[in-house]
Amino acid sequence: MEKGYILCVDDEISVLETLREQLREHFGQSHEIEVATSAEEGLSLISQIRETGGYVEVIITDQVMPGIKGDQFLEEVHRNLPDTIKILLTGHAGLASAIHAVNKGGLNRYIEKPWNMENLKDDIAGLIQKFRENVENQRMLALLEKRISELENENQELRTA
Numbered sequence: 079m080e081k082g083y084i085l086c087v088d089d090e091i092s093v094l095e096t097l098r099e100q101l102r103e104h105f106g107q108s109h110e111i112e113v114a115t116s117a118e119e120g121l122s123l124i125s126q127i128r129e130t131g132g133y134v135e136v137i138i139t140d141q142v143m144p145g146i147k148g149d150q151f152l153e154e155v156h157r158n159l160p161d162t163i164k165i166l167l168t169g170h171a172g173l174a175s176a177i178h179a180v181n182k183g184g185l186n187r188y189i190e191k192p193w194n195m196e197n198l199k200d201d202i203a204g205l206i207q208k209f210r211e212n213v214e215n216q217r218m219l220a221l222l223e224k225r226i227s228e229l230e231n232e233n234q235e236l237r238t239a
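First residue of the sequence shown? That's 79 in the working numbering, and the numbers climb one at a time after it.
Think of the hints as simulated: they come from the structure by calculation, not from any bench.
We treat Cβ as the ideally placed atom computed from N, Cα and C, and that holds for glycine.
Any given hint could be a false lead.
[To be verified] Each computed DSSO-like pair below joins lysine-lysine, with the alpha-carbon atoms no more than 30 Å apart:
| # | residue 1 | residue 2 |
| --- | --- | --- |
| 1 | K81 | K191 |
| 2 | K81 | K182 |
| 3 | K199 | K224 |
| 4 | K81 | K208 |
| 5 | K81 | K224 |
[As the list claims (entries may be wrong)] Quick list of simulated restraints, FRET-style, between CB atoms:
| # | residue 1 | residue 2 | range |
| --- | --- | --- | --- |
| 6 | N158 | L229 | 28 to 36 Å |
| 7 | N212 | P192 | 53 to 61 Å |
| 8 | Q126 | D161 | 14 to 22 Å |
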């Protein structure tokens, strides 16, 4: 599988810089690490990545940001990329926004700031493995369905011959 993308969205530049460096250290060989300072910028980046044939495997977002909040951002992302791993990394999310992110945004993990990088790295690695297994399973299922269709067509041709 080609390099996937990890997208971090937070309005605090220092958080983005720290997170980007930590993620590059652990996932830089297998993933491109992108950052956005708002949900709107994050949605734009996702569109650009998809236009070039890339796939955002992981999104890590803060909850409290100007404009679109993190849970609403994840809801929007989930509509278009339901399989993408979604992590809410925040110090200010209330229970209602966390529940909204789970129910409407397909949230995979809720992590409070300050985060423990080892735990975050382990969570991301495990979720990426599951993501890639799911992608491979979907690919294999599509191949099986295609082969079944071919065999059914051949079978039909034999019956009518």
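Evaluation of the provided hints:
Proposed proximity of K81 and K191 is supported: the alpha carbons are some 28 Å apart, at most 30 Å. Taking the CA atoms of K81 and K182, the gap is near 28 Å; set against the 30 Å cutoff, the hint holds. Restraint check: the Cα-Cα separation between K199 and K224 comes to about 37 Å, which exceeds 30 Å; the hinted pair is violated. Our distance criterion of 30 Å between C-alpha atoms is met by K81 and K208, whose separation comes to about 16 Å.
About 27 Å separates the Cα atoms of K81 and K224, which keeps this hinted pair within 30 Å; it holds. Take N158 and L229: their Cβ atoms lie about 34 Å apart, and the range 28 to 36 Å holds. At about 31 Å, the beta-carbon gap between N212 and P192 misses the expected band of 53 to 61 Å. The beta-carbon spacing between Q126 and D161, approximately 19 Å, falls within the hinted interval of 14 to 22 Å.
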